[in-house]
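K.L.:
Residue strings, one per chain:
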Amino acid sequence: MNMETLFDLLLAFAMIWSAWRSLTVTRLDRAIVMFIVFGLLVAIAWVRLSAPDVGLADAAIGAGLSGALLLDAYGVFKRRET
Amino acid sequence: MSSGLIFTNAGVILFAMGIVGIILIRHLLRRILAFNFMGSGVFLVLVGLPQRDGVVDPVPQAMVLTGIVVTVAATALALALLRRYYVLTGKLELPQDDEA
Amino acid sequence: MRRMFVILGATFFVAFLIGSLFELEPAAVSLPTKVADNMAVSGVEHPVTAVLLNFRGYDTLLEIAVLLSALVVILAAGIDTSTEVRPSVDPVVKTLARLVAPVMAMVAIYLLWAGAFRPGGAFQAGAVLGAAAVLLHLSELIAGWKSPKVMLRLGLIGGFLIFLAVAAAMLVHGALLEYPLDWAGDLILLIESGLTISLGLILAGLFLFLTRDDGGRV
Numbered sequence: 001m002n003m004e005t006l007f008d009l010l011l012a013f014a015m016i017w018s019a020w021r022s023l024t025v026t027r028l029d030r031a032i033v034m035f036i037v038f039g040l041l042v043a044i045a046w047v048r049l050s051a052p053d054v055g056l057a058d059a060a061i062g063a064g065l066s067g068a069l070l071l072d073a074y075g076v077f078k079r080r081e082t
Numbered sequence: 001m002s003s004g005l006i007f008t009n010a011g012v013i014l015f016a017m018g019i020v021g022i023i024l025i026r027h028l029l030r031r032i033l034a035f036n037f038m039g040s041g042v043f044l045v046l047v048g049l050p051q052r053d054g055v056v057d058p059v060p061q062a063m064v065l066t067g068i069v070v071t072v073a074a075t076a077l078a079l080a081l082l083r084r085y086y087v088l089t090g091k092l093e094l095p096q097d098d099e100a
Numbered sequence: 001m002r003r004m005f006v007i008l009g010a011t012f013f014v015a016f017l018i019g020s021l022f023e024l025e026p027a028a029v030s031l032p033t034k035v036a037d038n039m040a041v042s043g044v045e046h047p048v049t050a051v052l053l054n055f056r057g058y059d060t061l062l063e064i065a066v067l068l069s070a071l072v073v074i075l076a077a078g079i080d081t082s083t084e085v086r087p088s089v090d091p092v093v094k095t096l097a098r099l100v101a102p103v104m105a106m107v108a109i110y111l112l113w114a115g116a117f118r119p120g121g122a123f124q125a126g127a128v129l130g131a132a133a134v135l136l137h138l139s140e141l142i143a144g145w146k147s148p149k150v151m152l153r154l155g156l157i158g159g160f161l162i163f164l165a166v167a168a169a170m171l172v173h174g175a176l177l178e179y180p181l182d183w184a185g186d187l188i189l190l191i192e193s194g195l196t197i198s199l200g201l202i203l204a205g206l207f208l209f210l211t212r213d214d215g216g217r218v
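Protein chains in written order, with the working numbering: chain A, 1 to 82; chain B, 1 to 100; chain C, 1 to 218.
Since the hints were derived computationally from the structure, they do not count as laboratory data.
Among the hints, a few may not be true.
Estimated spans, in silico, between C-beta atoms of each pair [what the hints assert, rightly or not]: (1) B:Lys91 x C:Leu24: 19 to 27 Å; (2) B:Met1 x C:Trp113: 20 to 28 Å; (3) C:Val92 x B:Leu81: 33 to 41 Å; (4) A:Ile44 x B:Gln96: 38 to 46 Å; (5) B:Asp53 x C:Leu141: 46 to 54 Å; (6) C:Gly158 x A:Lys78: 35 to 43 Å; (7) C:Ala27 x A:Leu71: 36 to 44 Å; (8) C:Met106 x A:Val25: 35 to 43 Å; (9) A:Ala14 x C:Lys94: 30 to 38 Å; (10) A:Arg30 x B:Pro95: 21 to 29 Å; (11) A:Lys78 x C:Ala40: 13 to 21 Å; (12) A:Leu71 x C:Val92: 14 to 22 Å; (13) B:Val55 x A:Val25: 21 to 29 Å.
This one's a predicted model, so the numbers in the text were calculated from it and none came from an experiment.
Just so it is clear, CB atoms sit at the ideal spot from N, CA and C, and this is done for glycine as well.
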C-alpha cells in the first residue's frame, strides 16, 4: 500500500467521519460547520480524482455558498436548536 | 485499490447515510444537510466509478458540475420554504401522525 | 423499531453495493476516447468545457433554466423582513472586502477565459462572482435585494436568453446547438460570458433575496 492509497483512505475516512458528526451532533451550528468542513474535504477529493473543474466549483458553491446559506437560515432559527 | 474505487465506496456510504438521515431525522434543517450529503455521495460515485481503471472521463465530470450548481439552487429553495414555514407556524419539524 | 429496520436496510444496501463494485467488468463504451477523437471540432482545448458547452450543451441550457425557475420560486416563497438592530461590521472587514472584491472579479474573468485551455469555465467564474457579491453584502457594502429592478432582471435572464438565441440560430442552420466549425470557439466564449454574469447574479440572488435587512443600512 503506497502513500497515495493511504492518503485516499484517510481522506475518505475523514469525509465519512465529518458527515457522521454533522448529522449526529446536538448543536445545530456545529452541524453546519461540520458540513462546511465536509465540503472542503470533498473539494480535496475532487483533486485526487483528477477533476479540478469540479473541485473549483464544489469548493466555491458546495462548501462556500451552501454553508453561507445554511448559516444565514440558522441565524433565523437561533433559539430553536434541537 | 485505485483512488477512483476508494472514493466510489465512500460515495456509497455517504449516500446511505444521507438516505437514513432523511428518513429518520425530524428536524428539517438537518434533513437538508442529509440531502446534501446524499448528493455529494452520488457525485463521488459518478466521477469515481469510471476511474476505477485509471482513465479520466470528462463526461461525468461535466454532469457533476451541472449537478453541484443545481444542488445549491435546490438547497436555497428548501431553505426559503423552511424559513417561510417557520414564520408561518413557528416550528421546525413537520407535524407527525401518531406512529405505533 | 423503525430506526432498526431503516439502519439495517441501509447497512445491507451498502454491503451489497460495495461488494458488487469489486466485481465490475470494464465499460463497454469508452467515452474518453470518443471525446478525445472529437476534440478537434469542438472549438476549445479542454475536454470538460467541450463536453459541457458543445457535446452536451443542451444539458447546460436546461440547467440554467432550472436555476432561473428556482430563483423565481424563492421570490414567490416570500421574503420576511425584520428590523432588528444588528451589530455593525468591523471597519477592518469592510476595508478587506473593498480590497478583495476587485481581485475576485479579475479572478472570475481569468477563469472564464482560461476555461478553453485549462480547468475553469463559466461555472467556476460565476461562482467566484457570486461569492464576491455575498462577501460585499456580508460586510455591508451592498444592500440586500428587495425587489429586482430592470437591470437586475436583464442580468439574471441574459445568460439564458443568449444561450437560447445561439441555440435557435443554430437550429435555423442545422441541428440544435451544432456550432459551425470556425465559429465554435467564439460562440462558446459568447455563451460562457453570458452564463458567467447570469450565474453570478443568480447565485448571489439565492443569498441576497432572502436576507432580512430592509435595504436601507448602506
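K.L.:
B:Asp53 and C:Leu141, beta-carbon distance inside 46 to 54 Å?
P.N.:
Holds, since B:Asp53 and C:Leu141 (Cβ atoms, about 50 Å apart) stay within the stated range.
K.L.:
Between C:Met106 and A:Val25, does the C-beta distance stay in 35 to 43 Å?
P.N.:
Given a distance of about 39 Å, which is inside 35 to 43 Å, the answer is holds.
K.L.:
May I ask you to test the hint 30 to 38 Å on the CB atoms belonging to A:Ala14 and C:Lys94?
P.N.:
holds, 35 Å
K.L.:
Quick check: does the Cβ-Cβ distance between B:Met1 and C:Trp113 fall within 20 to 28 Å?
P.N.:
violated, 38 Å
K.L.:
Measuring from beta carbon to beta carbon, are C:Ala27 and A:Leu71 in 36 to 44 Å?
P.N.:
holds, 41 Å
K.L.:
Starting from the hint 19 to 27 Å, judge whether the C-beta atoms of B:Lys91 and C:Leu24 obey it.
P.N.:
violated, 46 Å
K.L.:
Is the hinted range of 33 to 41 Å satisfied by the C-beta distance from C:Val92 to B:Leu81?
P.N.:
holds, 36 Å
K.L.:
Regarding A:Arg30 and B:Pro95, is the given constraint of 21 to 29 Å on their beta-carbon distance met?
P.N.:
holds, 27 Å
K.L.:
Range hint 21 to 29 Å: satisfied by the CB atoms of B:Val55 and A:Val25?
P.N.:
violated, 39 Å
K.L.:
Indicate whether the distance between the beta carbons of C:Gly158 and A:Lys78 respects the range 35 to 43 Å.
P.N.:
holds, 37 Å
K.L.:
Does the beta carbon distance between A:Lys78 and C:Ala40 stay inside 13 to 21 Å, or does it fall outside?
P.N.:
violated, 56 Å
K.L.:
Confirm or reject the claim that A:Ile44 and B:Gln96 have a C-beta distance inside 38 to 46 Å.
P.N.:
The hinted range 38 to 46 Å holds for A:Ile44 and B:Gln96, with Cβ atoms some 39 Å apart.
Against the hints set out earlier in the document, violations occur for numbers 1, 2, 11, 13.
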